[in-house]
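**Student:** Residue numbers (our numbering), protein chains in the order written: chain A, 1 to 290; chain B, 291 to 580.
Note that these hints are calculated values from the structure, not bench results. Model, not experiment: these values are computed from the prediction. The beta carbon of each residue, even a glycine, is placed where N, CA and C say it ideally should be. Among the clues, some could well be false.
[Claimed, not checked] If you want the footprint, here are the derived chain B segments under chain A, 3+ residues with CB under 8 Å: (1) 292-302; (2) 357-368; (3) 420-433.
Letter by letter, the chains look like this.
Protein chains: 2
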Amino acid sequence: MILILGGSGYIGSAYVRYFEKRGIPYRSLSRRDVNYYEPEQLISAIDAHQCEFLINAAGYTGKPNVDACEIHRAECLLGNSVLPGMIRIACEKTKTPWGHVSSGCIYTGTRADGCAFTEMDPPNFCFRTNNSSFYSGSKALGEDCLADSPQTYIWRLRIPFSHIDSPRNYISKLLCYSRLLDVANSISHVDDFVHASYECWTKRVPFGIYHVTNTGHTSTSEVVSLIQKYLHPDRDFRFFENEDEFMRTAAKTPRSNCILDNSKLRATGIDIPDIHTALERALRNWQSST
Amino acid sequence: MILILGGSGYIGSAYVRYFEKRGIPYRSLSRRDVNYYEPEQLISAIDAHQCEFLINAAGYTGKPNVDACEIHRAECLLGNSVLPGMIRIACEKTKTPWGHVSSGCIYTGTRADGCAFTEMDPPNFCFRTNNSSFYSGSKALGEDCLADSPQTYIWRLRIPFSHIDSPRNYISKLLCYSRLLDVANSISHVDDFVHASYECWTKRVPFGIYHVTNTGHTSTSEVVSLIQKYLHPDRDFRFFENEDEFMRTAAKTPRSNCILDNSKLRATGIDIPDIHTALERALRNWQSST
Numbered sequence: 001m002i003l004i005l006g007g008s009g010y011i012g013s014a015y016v017r018y019f020e021k022r023g024i025p026y027r028s029l030s031r032r033d034v035n036y037y038e039p040e041q042l043i044s045a046i047d048a049h050q051c052e053f054l055i056n057a058a059g060y061t062g063k064p065n066v067d068a069c070e071i072h073r074a075e076c077l078l079g080n081s082v083l084p085g086m087i088r089i090a091c092e093k094t095k096t097p098w099g100h101v102s103s104g105c106i107y108t109g110t111r112a113d114g115c116a117f118t119e120m121d122p123p124n125f126c127f128r129t130n131n132s133s134f135y136s137g138s139k140a141l142g143e144d145c146l147a148d149s150p151q152t153y154i155w156r157l158r159i160p161f162s163h164i165d166s167p168r169n170y171i172s173k174l175l176c177y178s179r180l181l182d183v184a185n186s187i188s189h190v191d192d193f194v195h196a197s198y199e200c201w202t203k204r205v206p207f208g209i210y211h212v213t214n215t216g217h218t219s220t221s222e223v224v225s226l227i228q229k230y231l232h233p234d235r236d237f238r239f240f241e242n243e244d245e246f247m248r249t250a251a252k253t254p255r256s257n258c259i260l261d262n263s264k265l266r267a268t269g270i271d272i273p274d275i276h277t278a279l280e281r282a283l284r285n286w287q288s289s290t
Numbered sequence: 291m292i293l294i295l296g297g298s299g300y301i302g303s304a305y306v307r308y309f310e311k312r313g314i315p316y317r318s319l320s321r322r323d324v325n326y327y328e329p330e331q332l333i334s335a336i337d338a339h340q341c342e343f344l345i346n347a348a349g350y351t352g353k354p355n356v357d358a359c360e361i362h363r364a365e366c367l368l369g370n371s372v373l374p375g376m377i378r379i380a381c382e383k384t385k386t387p388w389g390h391v392s393s394g395c396i397y398t399g400t401r402a403d404g405c406a407f408t409e410m411d412p413p414n415f416c417f418r419t420n421n422s423s424f425y426s427g428s429k430a431l432g433e434d435c436l437a438d439s440p441q442t443y444i445w446r447l448r449i450p451f452s453h454i455d456s457p458r459n460y461i462s463k464l465l466c467y468s469r470l471l472d473v474a475n476s477i478s479h480v481d482d483f484v485h486a487s488y489e490c491w492t493k494r495v496p497f498g499i500y501h502v503t504n505t506g507h508t509s510t511s512e513v514v515s516l517i518q519k520y521l522h523p524d525r526d527f528r529f530f531e532n533e534d535e536f537m538r539t540a541a542k543t544p545r546s547n548c549i550l551d552n553s554k555l556r557a558t559g560i561d562i563p564d565i566h567t568a569l570e571r572a573l574r575n576w577q578s579s580t
């Protein structure tokens with residue numbers, strides 16, 4: 001039995017769909033069922049459901065975007081930094097292996113040598129480098145709370161997207177933002193993320209941190225070209241001249257834009273599609289909510 | 291009616307004694323009474339007790355010392371970073387003025403110009419400067435969660451001591467540590483801290499941050515000399531050669547040692563004794579627990 005926390009969220013509900021579709025026994029534990037911040041309650045739930053693997057897809061992302069995390073700082077720290085540590089306590093006590101949905105937003109740009117970031121690189125967009133948003137800082141602190149955590153996967157997601165229109169979907173965001181910033185990024189198809197992260201457990205690959213992004217990287221303008229090719233939206237896409245203009249006119253806090261190296265994941269034998277394949281698949285199967 | 295959170299702790303119990311002695315109406319709200327992390331429960335308590343001022347003396351300090359905060363990271367963030375933010379939510383909603391017991395341990399050394407730190411100086415021993423203990427980082431993040439909080443005092447305490455022997459008392463610590471590190475510090479007599487911080491409210495001085503330390507500063511060797519003069523302990527005091535030796539042999543995480551300028555507090559008309567007067571008073575009235 002798999003237990004999932006945050007099963008009603010954007011990523012959590014994708015796990016739920018994945019398990020439903022494959023008939024994999026799971027139980028989504030909501031905040032009504034247990035107080036996520038009480039390890040004793042988590043331990044009882046783990047025992048009651050004979051949980052063999054737990055997934056934490058709960059976190060605080062800020063609505064409508066990360067700017068909200070600058071205002072709701074305590075909630076942001078609670079959901080992103082404290083929660084992983086509390087789950088760790090429960091999983092350690094019950095010897096339950098588990099996986100934490102973290103984020104690649106703790107990096108920005110590329111490494112000094114121009115290469116993509118590997119799991120060995122320390123975060124460069126966090127409180128410790130004093131250049132990050134409160135959101136990114138809180139996610140990096142959440143990983144700090146998992147330092148040396150036994151039997152734990154840390155799966156780093158980046159800019160989720162899929163074929164299902166949603167305010168959390170990168171493609172939907174590009175479709176509705178009035179102006180865009182053209183930057184290079186690694187991104188994660190939600191279904192590929194869910195599949196690859198769950199395979200870490202089923203294939204019993206070594207515990208630790210994994211960049212769970214589609215192979216390669218893309219840019220805002222490239223994704224827009226694909227959107228135009230497949231979706232023919234009835235609008236023009238206008239871009240900010242540069243990041244300065246974006247920060248001056250549209251954002252309250254800096255955004256992470258970064259390229260991640262997913263070769264550690266692929267070296268385990270887990271397959272994750274190329275970014276362009278994944279994007280075209282999402283756009284070909286696009287389900288608009290309007 | 292004053293409400294106090296953390297009233298059973300080292301600083302909280304000093305507030306309780308202070309209020310008891312003066313017949314000031316107060317209520318100590320324990321964690322059994324309310325879940326400190328549920329603003330709705332705090333709001334109900336504030337309303338039920340017709341609270342006119344709230345004091346947060348709750349926090350996570352680590353036992354036996356701050357090294358424990360490196361291991362219990364999530365609890366440390368919960369108690370020191372998230373809690374102030376949750377109390378802020380409750381106090382803002384109920385328009386309740388309040389004071390938060392923070393710490394001067396978010397600084398180290400002196401300023402570049404050799405002067406003591408004022409409340410205008412940004413912390414230099416925290417996550418953002420990536421040189422701090424997890425404890426100091428968590429206290430600084432707690433203040434981040436109080437940025438622009440209305441009707442809020444932030445009282446920075448430093449190395450508490452008093453005439454009552456206690457594992458949390460600086461004098462008691464010096465009496466029992468096998469070796470000491472000779473460093474300069476501002477320190478706070480617990481009773482002076484309680485009196486001066488409460489006077490911020492009774493005198494209605496402007497809300498904001500205050501360094502609530504005794505005037506001046508001292509050094510470990512100076513305090514040891516005073517201990518020898520007044521208490522005649524049956525032991526020698528040995529010192530580490532330098533901070534490197536201390537870090538190598540006795541500590542897991544760096545300590546804050548710093549000198550704070552308390553002139554903002556004194557400029558309000560609130561009196562706080564000179565550090566040497568306060569130390570001699572504590573030592574003359576020393577109550578050993580053994």
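**Student:** So, for every hint listed, does it hold in this structure?
**Tutor:** Tested hints:
no., hint, in the structure
1, 292-302, "violated (count 0)"
2, 357-368, "holds (count 5)"
3, 420-433, "holds (count 4)"
Hint compliance for this structure: hint 1 alone is broken.
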